[in-house]
Each structure stands twice: as C-alpha cells, then as structure tokens.
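Student: Protein chains in written order, with the UniProt record's numbering: chain A, 1 to 490; chain B, 1 to 490; chain C, 1 to 490; chain D, 1 to 490.
Nothing false has been slipped in among the hints.
Heads up, the list lumps identical chains together, so a pair's fine if it works in one copy or across two of them.
Result set (SDA-like, lysine to any residue): computed pairs, CA atoms no more than 20 Å apart in a straight line:
1) Lys137 <-> Ser109
2) Lys184 <-> Val135
3) Lys137 <-> Arg156
4) Lys381 <-> Glu356
5) Lys160 <-> Glu136
Treat the hints as calculated values from the structure; they're not laboratory data.
Number of protein chains: 4
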Amino acid sequence: MSQTSDVSMDIEEDRIREECGVFGVFGVDNAASFAALGLHALQHRGQEACGIATTDGSIFHTERHLGLVGDNFTGDDPSERLPGHIAIGHVRYSTAGQTVLRNVQPLYSELHTGGFALAHNGHITNAYTIKDALVEKGALFQSTSDTEVVIHLIARSGGKEFTDRFVSAMRQIDGGYAFVGMTKDCLVGARDRFGIRPLLIGRLNDSYVLASETCAFDMIGAQFIREVDAGEVVVINEDGIRSFTAFPNAEKRPCLFEFVYFARPDSIVSGKSVYEVRKRMGQRLAQETPADVDVIIPVPDSGVPAALGYAQETGIPFELGIIRNHYVGRTFIQPTQGMRDMGVRLKHSANRSMIEGKRVLLVDDSIVRGTTSTKIVRMIKAAGAKEVHFRSASPPIKYPDHYGIDMPSKDKLIAANYSLEEMTHMLEVDSLGFLSIEGLYWAMGEEYRVDEAPQFTDHCFTGCYPTPLIDRERELAGGGKQLSFLVEVA
Amino acid sequence: MSQTSDVSMDIEEDRIREECGVFGVFGVDNAASFAALGLHALQHRGQEACGIATTDGSIFHTERHLGLVGDNFTGDDPSERLPGHIAIGHVRYSTAGQTVLRNVQPLYSELHTGGFALAHNGHITNAYTIKDALVEKGALFQSTSDTEVVIHLIARSGGKEFTDRFVSAMRQIDGGYAFVGMTKDCLVGARDRFGIRPLLIGRLNDSYVLASETCAFDMIGAQFIREVDAGEVVVINEDGIRSFTAFPNAEKRPCLFEFVYFARPDSIVSGKSVYEVRKRMGQRLAQETPADVDVIIPVPDSGVPAALGYAQETGIPFELGIIRNHYVGRTFIQPTQGMRDMGVRLKHSANRSMIEGKRVLLVDDSIVRGTTSTKIVRMIKAAGAKEVHFRSASPPIKYPDHYGIDMPSKDKLIAANYSLEEMTHMLEVDSLGFLSIEGLYWAMGEEYRVDEAPQFTDHCFTGCYPTPLIDRERELAGGGKQLSFLVEVA
Amino acid sequence: MSQTSDVSMDIEEDRIREECGVFGVFGVDNAASFAALGLHALQHRGQEACGIATTDGSIFHTERHLGLVGDNFTGDDPSERLPGHIAIGHVRYSTAGQTVLRNVQPLYSELHTGGFALAHNGHITNAYTIKDALVEKGALFQSTSDTEVVIHLIARSGGKEFTDRFVSAMRQIDGGYAFVGMTKDCLVGARDRFGIRPLLIGRLNDSYVLASETCAFDMIGAQFIREVDAGEVVVINEDGIRSFTAFPNAEKRPCLFEFVYFARPDSIVSGKSVYEVRKRMGQRLAQETPADVDVIIPVPDSGVPAALGYAQETGIPFELGIIRNHYVGRTFIQPTQGMRDMGVRLKHSANRSMIEGKRVLLVDDSIVRGTTSTKIVRMIKAAGAKEVHFRSASPPIKYPDHYGIDMPSKDKLIAANYSLEEMTHMLEVDSLGFLSIEGLYWAMGEEYRVDEAPQFTDHCFTGCYPTPLIDRERELAGGGKQLSFLVEVA
Amino acid sequence: MSQTSDVSMDIEEDRIREECGVFGVFGVDNAASFAALGLHALQHRGQEACGIATTDGSIFHTERHLGLVGDNFTGDDPSERLPGHIAIGHVRYSTAGQTVLRNVQPLYSELHTGGFALAHNGHITNAYTIKDALVEKGALFQSTSDTEVVIHLIARSGGKEFTDRFVSAMRQIDGGYAFVGMTKDCLVGARDRFGIRPLLIGRLNDSYVLASETCAFDMIGAQFIREVDAGEVVVINEDGIRSFTAFPNAEKRPCLFEFVYFARPDSIVSGKSVYEVRKRMGQRLAQETPADVDVIIPVPDSGVPAALGYAQETGIPFELGIIRNHYVGRTFIQPTQGMRDMGVRLKHSANRSMIEGKRVLLVDDSIVRGTTSTKIVRMIKAAGAKEVHFRSASPPIKYPDHYGIDMPSKDKLIAANYSLEEMTHMLEVDSLGFLSIEGLYWAMGEEYRVDEAPQFTDHCFTGCYPTPLIDRERELAGGGKQLSFLVEVA
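Model the full structure from these sequences, guided by the hints.
Tutor: Next up, the structure:
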C-alpha cells in the first residue's frame, strides 16, 4: 500500500505547532465552566493536554488531563468538581516523551504568601541557566517545564507585595511569554516586553476575562476590551483592574505567526481580523506570483482564506479539491511513530472531478520541511491534474523559533537550505512562489517594514530575534541544556 | 449562558443521518486491514459503531465496537487479530437506547450450510411482520436489528445452493437495502429491487471489493468497476464474479439523498461526481431564487459546494463566515441529551469580520426541522449582519424516510407543516428559498422528472414511496411494531 | 528465579472448578440487589463472569459482565439499572477462549409466549447432538453455550402452558443441571432427574428465593425451606409455589464433589453441614491412614476442615504452615499462560517457624494432577521440614466429570494412571494416603455405599456415571463435537 | 436490610492500618522485577498505591500507581519499562482525599549532586514545623507528603558527600521512619534513632536487598542478613555495604504493633517469628483470662495464631466459625463511604454448625473502636451461640500513634474511654479479657518491661512516646497543622 500513502495523507503532519493557549476569569459563580468553554475555543493552540485551576478564595482546586478539553471537561459540569469564582486554564502541545501529567499546567505551589497557580504560553530563553543556579542553591524541581522556574523566582523574591515579587521574577527572565496566574485573591496576566505571545482582556458583565485569542471571548459571550500591553502586568481583583509596568521601555512587536498560521480565522489579533489578513496575503500573493491555471485549490484548512483572496484577486475559480475526513481517530495526538505511520495519512483525499485534466494552483499558508507539500502535489497529480503550481502565503521560513513554537531544526527547514529552483524541483511542481516579507507587512496593513525596529516579530523569515537566546548560546557552547534524567512511565 | 447557546451552536444537530456504510473484500492477504481502511473512508455514513468479520476459509473471526473505525481498528494491524482473505465490514449510526453490542454488525450465524456473516445498509419495511411469524414458529431472535430477519429467512429456506437460499430470502423482504455477506467460500453483495441504497464493485489487482461509495476504493487504491444493479446479487469467489437476478423486472431508482447530503463530495455515485451535482444545485438555486446580498456564506461543511455554485453563478463573493472547531470532543456520538446540551453547541462560531454590516446569504444543503437553521440565523445576526437570507439547495422535505435514513417524524419536519411565508418568519430571515424538485432533477442531469416512473427515489420531497410499507401500515393499524421488551444495560 | 517458582506458588492452579452458581428471587421490591448479594455469596462457584436479569412484569432488563460480582454490581444500587420484582442471576467459570460476553448468562430470548431468561449450573450431555438437529431445521444459535439448546427446545415445544413447554424441553435433555428461569410472571427452578447439581428453596418474608447453596440465603437473611427435588420443576408466582414432576421415577443422587470441594464450608447441602462432613473426612482419614508426625498443616483454604478433623482425632498440633497472600492481583481469572507464569505463583508462602526441623503432615481436600501437590511438598521441604507426609481427604480421582465440573482429561489425572507407590515417589513424600470411598460415604453419614444404586453421584472416584453420555460417545465415534468456528475478538 | 448488615459484615473495617512498606535492591540485572515481587510480598502493609523507581547509573525511571502491585506491575515484565540495576519501591495506605498520584512514592528530585529517589515508611513528627520554615525561605513543595521535607533538607544541606547531607537531614527530623533511597550510584537505607519502623538487609547472590519484612526476602529467594540498626544509615554500592551512625546514642525500641497486627505471620521481626509470638500471646491470654467455653473461634485472619495458642494451652477445640469470602471486590480500598456501606460488609459469614447451641470464645488480635467487635458478636449470637466471650490478644489500646500508623483519634478508642465492665456491656458479651502489658512483653521473650527504658515502642498501650511530638504540640497550641489548601481532582 505504499502507493496509498502518497495519494491520501495527512496535511497536518508537517505543520509547525503552537505550544499553548491560556485563559483566566475573575468574578463569576462557576469559573471552571467558563474556563472549560474558553479553553475549548483555544483548543487549536494545543491538543495534547489541558488543565484548569480554581479557587474560592481559600481552597485551590486543580484538574489536569492528557487529551482534549471536550473529552475531559465538558461531560459533567466542571465547576462542581472545581468550585470557585477565579479560574485559570491551559491547553498545551508538547514534544513527545515529556508528556507526563506533572508537566501539564496550570502548575500550583504554596508560596510563603499563600497558594499560587500559573499557566504559560511561550518559552523562556534563559530558563535552564536560571534553573541550574537555583538547583545549586537547593531548590527542588518537580517538572521539566520552564514555567516552574518562574514560580521559584517568585518564591525566592524578597518583595513585600505579591505584585512586586511577580514583577521581580519577570525581570529576571528573557523570552516570549504570556502568563495567566492566580492567587486566592486575584487573577494576574502578563506579557513579555515585546508582546511576542498574545494576551487579551475581555469583560463579561462585571467580571474580567483573559485569553490568548478573542475567539475565547466569543465562546462565552464576553466583550473584547483591549490587549495586555507589551511588558505589562494586570492584576484583577474585586476592585477591578490595576496595571503595572514591568519593562518601562517595552516596544510592542507581536509574532507574525499568529497571523500566518496559529490564530483562529475568526479571532481579532492586534486589532486585525485574522481572516482578512490571510485573504490579503492571498491577494498580494496573486499580484507577486501570478499563475496561469484553471482552478485554485486550498490546502485545508489553513490555506483557505489565502486561496480565496488569490481567487478573488484573479477571478480564477476556487474549488475544494482536497476533502478532509472529519472522523479520523485521535491519531494526530498519538506520540508514537507507529500510529502516525498507520493512521495519520487517512485524513485527506483528492476530489478528482475538480482536478482531472486541469491546471491546478495549490495555496498553503506556509512551507516548513516541504515533505507534506510534496505528498499533496503527488496526490493532486495522481488525481489527473495537467499542471500543478504551488504558492505559500508566507515568506520562506529560514530560521527556527525560540519563543514557544514547535518547529523543526534549521537543517530540516527546506527554505533555509535550498533555492527557489531547487525547491520547485523537490516539490515536483510546475511553478512555486512565496509571499515576500514586504507583502506580508503590507497584508498586515503596514506600508513597509521598519528594519531598524521591526513592527513585528518575524525572525522565522528574517533571522531577526528580538531577545537574547542565553540557553541556546550556552548549549552551543557545550553547556548542558537539560538537567533532568528522569523518565516517568505513568 | 442561554445567549451563548444561540450564538455558537452545533450545525449538525438537526442533520438527518445515514444509518450505515458497508464494505467487503475477497482475495487479499490481510483482508481485515483493507476493510478497516475502507470503513474509515465510509465513516461519514455512521459513527456510532463499527465491525469487521473475516474468514480464512475455515474459521470466522469477528470484532465489533462502539465508536469510530480509527479508534478501534487502526491502532494495531487488525489483520493479526482478524486473519483471512475475505472480510466484510460495517459502520453504523443508530438511534439511542438500542446501541448495545449485540446489535452491532456484521451479524454472524452458523447455518446448516456453514458459517455466514452479514452487514446491511438500509431498512427492511416488512421486518417486524416477518419476525412475528418466525417467532411464532419457534425462531429465537438475539438482536433487535432487522438484519437478523434476513439470516433467519436464509436459514429456513429450502434451497440447495447458498445463492438460492439467499435469493429466496431477498424475495420475501421489502425495503431499501444493500447487503454485503460472506460464507467461508465467497463474498456476496446484493441491492434491493430499486437500487435505493448504493453498492459498488471495485477491483484491486486480482481481488474484488464492494463498498457503499467510491471514496472507499480511493482509500485503498482500488479501481471502480461498476455499480451492483438494482435487484442484482453478485457472488465473488476464486473463479471471479457471478451475477444473479433476484428481481427480473427491477427498475433502478437510487435515492436522491445520497447526492443531497450523505455521500462524500469526492465520491462518484450513479456515475456522477457528488461535488459537481451539489455545485449544480447551487447554480440552479441562484437562478430560481436570486438574492441581492453582499456575501455568500455556506453552512459548513455540507453547504459548501452549493454555496460555491451559487457564488460562481452570481459573482457574489463566497466567504467562510462560519468557522468550525475541529477539536470538539466526541459529543455528537454521545447518546445522552445532557451531553448534547453541554457539548454539542461548541462546534461552530461566526467570523464577524465577514458578516458585520453586510447582507448575508446562507446556503445549506437542506432544512429538516428548522431549529438549527434558526440558531444559525441568530448567530449571523448577533455577529452584525444587516440582512440574512437563507437558501436550501434541496426541495422542501415533507415526508419521512423508511429505507434506513434517520429522520424526525412528519410532525417535526418544518416544510411538512408550514408555508414558505411561515417558515420565513420562523427562521427569522429576510428571505427564504428552496430548490425546486425540477431543479434537483436538472442538477442530476435529467431534463425532467418522469412522474409515472421517477428516475430517482425522492419520497422525502414528493411522498412517492417506491415500495409497500407493511410494518408501517400495521403499526398505524394498531399492531405492535416491536416485539422486544429487553433492555440491556451493558 | 526458577527456584522461586517452586517455593512460593499457587495452590489453586491444580484445583478442579465448578462451572456455575445460580440464584433467583420472586416478589421483592429491588430484586436485582438481592440477586447481587446472593451471587456474591456464590462467587466461589465461578469467578469469570456474572449476570443478572430482572423483570417488572412487562420489561426485561439484563446486565452481564466478565469479572466478579463485587466489581460489577455492588458499586451502585443495581436495582436502579435493573428494576423489577423478579430477578435471576448467574456466576460462571469457563474454559479459556470462549469467554465472550455472548456466552455469559442469564440468556434472554423472546418466545412466542413472551420474554424468557435462563441461567444454568451443570452440563447437558446430549446438547451438541440436539443442536445439530435444530440447526438442520434452520434454528440460529448465537452462543456456544449448551444452555441455548434448552431455550430452543422450549421455543419449539408445542405445549400450551409455559410449564408444559419447559417440562417437554427437560425431558429431551440428559445431564446434570440446575435451572433458574424467569418469565414476566414467574420464577422457575428445576433440577435434573438425579439431582446431581444442587438447587434450594428459601423464604424471605413473603417472597421466595432459589440458590445453589444456603450461604446465599444467609447473605440476604432468607430462611432455608427445602431442596428442589430430583427431577422437580418449581414455579413461583404471586400465588406461591407450585411443583411439577418432570421425571416420575427420579432417584436422588447428589454429587459428592459439592462436599469434597465446591460448596462453601458454612453451607448446608443435602441437609448436612459441609464443614462437619469435611471434618469427618479428616477424622476418618486419620483412622485409615495414620502418620507419625509433629505437626498437621492444611493446604489452604479447602484443606483446613479435614486437617482440623485429623488433628482433633489424633491430638497432633494443627498449625498454619502455609500463608496465603490476600492481595494477589486477579491473576487467577486471567486466561493467558504468561500471566499464570508471572503472577499466579505469588499466592502462598511457607511459615518456616512451624516447619523447620519438623515431621509435617499436609492435608488437602483432593489430588487432581498432582503437579501442585508436588510444588507444595517442595516448598515445605525448602522451609526445612524433616519429613513430609501427604493425605487426601477424598478418594483417588480416576474418572473425568461430564456434569459441569471443569477437570483435566483422564490422562492427566494422576490417580488414574499411577499406583500409590508411584504417586508417593512422584509427589516426593515420605508417605501418601487417600480416604477410601467407604470412608467418604461414612463421612456423609451413610453406613455403606449401595453399589447397585449409589446414594451419591461418585463417578469421579468410581467411574459410575448416572446418565448416558451421548455427545461424548458421538465424539469418540468421530462425530464433531463443536459446530461453531467463530472466534470473537471482543 | 439492616439485619443483614449485622450478620455478615466486614471484620477489617475497624482495623488500624500500616501506612507503608519499603523495598530496595542493588546490583541485579532486572531490579524492577525484583522490586515488584518484593512489594507484592509487602502488600499487606499498604494497598492503596504503589511505586517503583530504578536507575541504570545514568537515567532514572519511575512508575507510580493507585492500586495493588499485582494489578500494576506483574502483567508484563516491569524491568522492560523500568530498566536498571538499582531499584526502590513503596506500597502505601493513606487516608482518603489525599490519594493523588503526586503523593505516591518513591519521590524523585534532581539535587545539585544528581538525581535522588526516596521511599519512606513511618511518620516525621516535626515535618510541618520544618516545612513552614522552608517555605518561608522560598522552598516549593509539590506534595503534601512529609517525605518531601526530607528531600528539601538534603538539597539544602551543606555537606560535601551525599552521605553527609543525608545524615544531616536525618538529624533535623524526629519520628519513626525507615527510609530506602537511591542515587545513580548507590542504594541507601536508614532507620530512626529508636528503630521504631523496621528495615532489614538481605542478600541475593552478590547483590543486596532492603525490605520492611523478611517475607519480601522469601519471595525472591534472598537470605536475611541482619536488621538495619536504630539510627543507622547503610549505603550499598559496587564496593558493598558501608554503615554510618546518624545517632551515636541510639537505643533500639521497635514498635510492638508489628507483632500484634502488621507483620505477616511468616515474617521474622527483631529475630522473632511473628507467628510464634502471636501464639504465645494466645497462650498467655489463656492463662490470664481463662474462659469456660465449648469452642474457640478466631476472628480471621489476624486472630488465628493467638486463637490457636489459646486452644493449645487449654485443650478446647479450635474451629473456623467465621468464613471469609475471598472474592470480595476491591471495596476495602475504595475511599467512599457509599462503597463501604454497600460492599464492605459482604466479607465474612458465620459457620452456624460450629456455633449453634455452643459457648463460644472469640479471639482477636486487638480491639480498636469496638464497633466491629460488636458486629461480630451479634453475628455469632444470630448464628445461635449460647454464650459469647471475647478476648483481645493485645492490651487495651488507649493512646493514638504518631509514627505512621493510621488509627482513630483517642476519643474513638474504646479502651481509652471505658472500663472493662462498660466495654463488656457495650460489646454485648458474657465476658471480655485483654492481654496484660506484662503478658505482651512475656510473649516477646522478655522477663519484664523495663519501665525507665522500655525495650519496645508501646505508647498505644502505655502513652509512653519515645520522641517529642512537635507538630502535634504546635497543633494543640493552635498552630496550623497543614499548609496546603490544594485539592487535586485527578
């Protein structure tokens, strides 16, 4: 059946992956139920594990699971098991082998100032370096998550008020992160000094909500208020919201990948409709890299808005030429390769009647390793296409991320290693085109990229990282990246 | 959260449902693995239960499960547990309360002529009447499935050859059905005298395959040969295919609902691309019921091809205005109402940026009870639409099915009880339109409907049932519909 | 660790096994709860599967499980899931490979006369012969259980009243059996014409109870009334008990193995305390086969009463020299050999302080294959015994059972193949002794065995089978024993 | 069914419970398999959770479960999942509500000196006081187990060698404890300065084993070498055993409850056969509190040796008058009261034939709250006893434990609150007797109790606690006992 594996495979297996989505709510009766709904709306940001912590002002409750929110939290009313009027929640994708329950967030600890729970989207780029120093001082680590480093820093901070300690911890760490935390009295939200990872504030009657995307607000009927600012800490309690500035000179520079791939199309990010930005990418792509074809076919589902934009710009018919099987087993969250080999390529098939004898343009949001693109091209050719052209609605991905996006290493990124001609040949297509970095900034509504201080985090395309990468440099210099040698079987 | 339930709900909860998909293969080494792949491709025809039976020519093996094929059969190689070169399989949707494992197919029995396994898509309209007569003669029934009646008829038939007994049983039953059966020597396929339910023959090297749709052939790399004819029995063994005519005067009259909703868009049914037929429905719908709107939004996913057809016919922009959450838990296969209340409306949300301030045309494949349509309309309005118009790509559904489609009773079918004006008011839309029955026949490539002998089974729209409905009449006359009073807890 | 396997092993692995226990109750509010308690008391008669059926006079409910009663029925109130005032229940041991849920009892069928459920302890010795004839007439069998044959015979019987049909079916079958059945109106109990398998009647206020042993009555506070007679059918309904005689010339001849091993020591069987009978076996054993030893050690748990009897008769100290680990996993119900190899020998250990340097007499209820006895002897020697003597509280087992007892075939029965001297050598003991058949009858309170018409079923010791063995003879003559070639994976 | 609850109940529900058993092995190929076998032998010391940690000298592996060893570790070869030549393991009983996986041992932490795993039997009486101080310094606690305090003390100790740090930590804690720990290089064992909790050293060819009882050595074929001394630390590595003295003036004073109830009868504790000591308790009990009765009946299973001792001393017949149902579901490890109400009293029944019309003496190992004793007495009376006398083979329990034994508070201990006459009345017996404290010392082989420096830890009978009880005093003084307010749902 090797032939089969080429013509009906998994389009998602070469996607990059967000590591997390976070959610928080203060001041509703059954906070856990709102958290479950909000996390469900954020499920696309991480499908491997999920957790909720609540407090009623004295007792904390936590519940953490491997698997989907909808399988773990919606069966019964979660707020019966997790009472309280404050809740935080987390969805997570993680690399294989480390997915044990002790790494699932929110993490909880008893500090001298009382109980504290924390959920985190992003990555701290000097976590291992800090951890080494802490362990040397006798600190005990229970997880391999970088989030725990933050809790240790808070626990050991000398500040009087909780907020002081929290800000003190933030100032010791580098990276891209959005935190949602909770004491027995308040809900806390914070964003790194560049605002790399997103965090938004919403309002639900008299209550406040924090979430990674606006789609979580839509799910529970909350109103979007504003974004948490770059380097800002917000503390929500019975008296309302207070704002603290952790980094006075913070410059906002949100990650473009939220627009390219991560965010749900119906979310508003940085004040922009993700769906509209993606259509504009397709529109600009049509201008930059035209194609003489009969039909435009999106690579489902993330290629759809750009393909529509391309089609509307050119007048060429848009058709669903690749059909997705919605009833695939949960194979894409199975960590074993055996499962991937067996189940994962069962997800998509070609719609022959829209392809046979036609010149086809495939539009995808991006090209990572190129392996899946090649399989798609072969599937389309096997369905009888006369020509196959391919367009990426984002620029060539040439540099790895270090802020919480799971991505192959640089030697696996096709655009980092091959020319356009080579890639055209490798993908076996008649033509290949990428959106330019200028085109991407145009789609974002900018006239041009301010090279000395870019308006967005765009290192994957440009190599321009906003923060130092201390753990990375230490690792390259031969320093151990990983202290833990524990393998937990169950 | 009652507000929430209006603005983010489950579009599928008012769908009608196919009850089954069937598959069979003769002459491959690991027949069960092919059956698992084929059933996976047919999963859209039934998500509640699945089963496979195999034989190696002497021993029979069966494995039956509640749940999806991909969760039950693809984890390991199924042909290790289910050895053999002949396999049949079944996917099933069923009404709540009866989903116990003993009703899951394929059913197996030892006949005097040897072991026999049977899987069935459709419904036998005189099953209860026959069952009563058999029980009176001392026959024991173990399931409440109508399929078991057929096995009893075969067991009690006097014919010498197995085929004679099988044909004899077929001649005693009315209804719409596609059978895939298996003895230790052969694979059997059969279709009712009108060919209401589909069954197709494919070829895989030297082997033969039977399936409800061509997408199952695509999945395993088999070539589509031909349909099983109306009233035909095919017997496949080592010598190839033999054909028997159970009903000499059979007139082919396939069910239109395969095109309207059931079949996968990439399947070829009755020689036609389902995707193309659906686009033609949308095209004709645009001609019959034009609308002065800014944007065309499909009700996902089954409304997409018709919406594309409508948009291409009119030049009005097609946009994804309703976003589907792919990570919904398995709530739609949960039988309890509690789960439906909690989880099921978490599936879709409005893409506000494509709706706000616009005149919107929603296109769906059909309208059943109208309850979901109303919820969708409200969701679109809540997202800021200036006007909302609604179009059904099929004619008004006025009559229930009796051939294996799970559908509400007549008093719940909105079009059976209300005028177009009333429905426009009930759905709270600015205009409402349905495809005409003539339009539907046109989309199918027919010039007109031959009223004295319709080319298709279209009773849901016309009340014109191809077969007698004996059990139904008996029930209306006060006769018991159901012999069984057993409730099986587990 | 091969040494380990000798010195700490499973004493139960060479036990013979009862196949079933049955229970029925008529006329209590929550009949299923009484059934669960009664079955729990009968759990020693079968640990592999259990089931309960109830009726409230119109609807029947059934629930059947693999595993223990206490794991499946006591967690919640079973009568909530299984409402009704009549209940029957079943516990079962069965040979590996056939333990699929469809074979678990009670079996339910809809007859022309209405619903009927049946549970069965014992074995029908002409079941396969009858089944062949029925299948030839077109009867469909769903299980491989001999119990289903009885239901088919009832279904096809021409009698007018249900009782006539039931008696007619009984007269067509041979074997040792106790039936507990149920229609929507009545509870039925029946015993084979020799009363080989036990069945007793109890009273619970105004209600009636049927059970295999009195310990089930003690559990629920019911009073023992009388045994069902050999060949008697009792029908219990709102008017009380009616008795029918299926076999006018029935001669009572209960199975001695109930006393030797099966029945719980606190049960009263055939009017005798099982515990007292076992002590009398030990007392007589001491007289017949004295031993010059320092300490008497029972093989736990079934050897304990006989060892006490031996010790009291001789004045030699009785000590617990073998300690049982109560926390063994459920390995003894695991069918795989791998599990047995790994887990099963973890059950017992030697109490060295009572053994070291002593002359030890081991007393067990019986010796079957001798393999376990040998392992026990080695364990006792490894703990430092100076001499080891062995006594069996029953006579040599030389003939297999055919009435529902799971026992090795004749070539595996040590006493059927070897002399006392050979066995003494094989068991590696200093002396070996068995109770005589006369001694066993004496322990039962009889003066002597009436050889022409024995008072008890004793064929395992004497070869004297009370009934014809038609299936067995047919099998020996080359006729197929088994029609079914189905392997059900799950 | 309230009547039922009196006559067939759970004898174990009023038992006191050991909290833990520990095991360690150094220098075998598949250390985890030995640990699983050893823990299985120690299962009677804790049935609620179990865990194993291993190391191969570089990577650590852990696996922790709720439930029995035999259900979690013996199915497959545990050493495949848990490779390594060093292993430690733990079985645990714990109070309801705290049984979440994060509290299950062994606990693992990365220290500055490398990975470290620890398992613990006993209780640290100043753990909360130390924890408060550590949290104030910024230490993070992940479990509510007192064991974690020890790991923090090791992590923060300034010693150079690991052993120095370990001894330093031990010197900061009070209580009764036996530790088994493991670094990547060595296995560590330690016992509190009074040797309250047991720990023994065994030898398996060239390897060493540590365990709570000798029965764990018997299970794997290891030879018992010696006890770990009071206040001793043993470190086992490739060079053999080294011994360190944590407390120079340690005085050995092992806990008498190991003999009264906890240890398995076939274990050798403090050089004495537990079975023999228990028989001597019964023998002395017969001398101290004679009874004019017809039969001696043990309360199973822990009352058996003392009842045998009583019977042999007096010549009165010993009979099994209470029968235990071995097939009870796992109800006794279910934490909910509902389960206890339903299932737990299904465990025992009276053997009427040995009781009816007789004067019965019941012998149990101890009396805790007296509630179960009363139920047993009622069950025996309901079975027809003419008189019922009761003897406890240990002295009256008047004081709670603080060293790892789960026991009711003082106001629930019957002997702490009532006179012998009152208890005789409350238990509804004709006479009641306890072994004297002198009798208990005699049974232990001592001539008399040295009151100024008792040879054994006997505070439950005498109130004489060997260590300060700092947490307890702080709690009585109004200081919080518990820092953690976290409830973990799953």
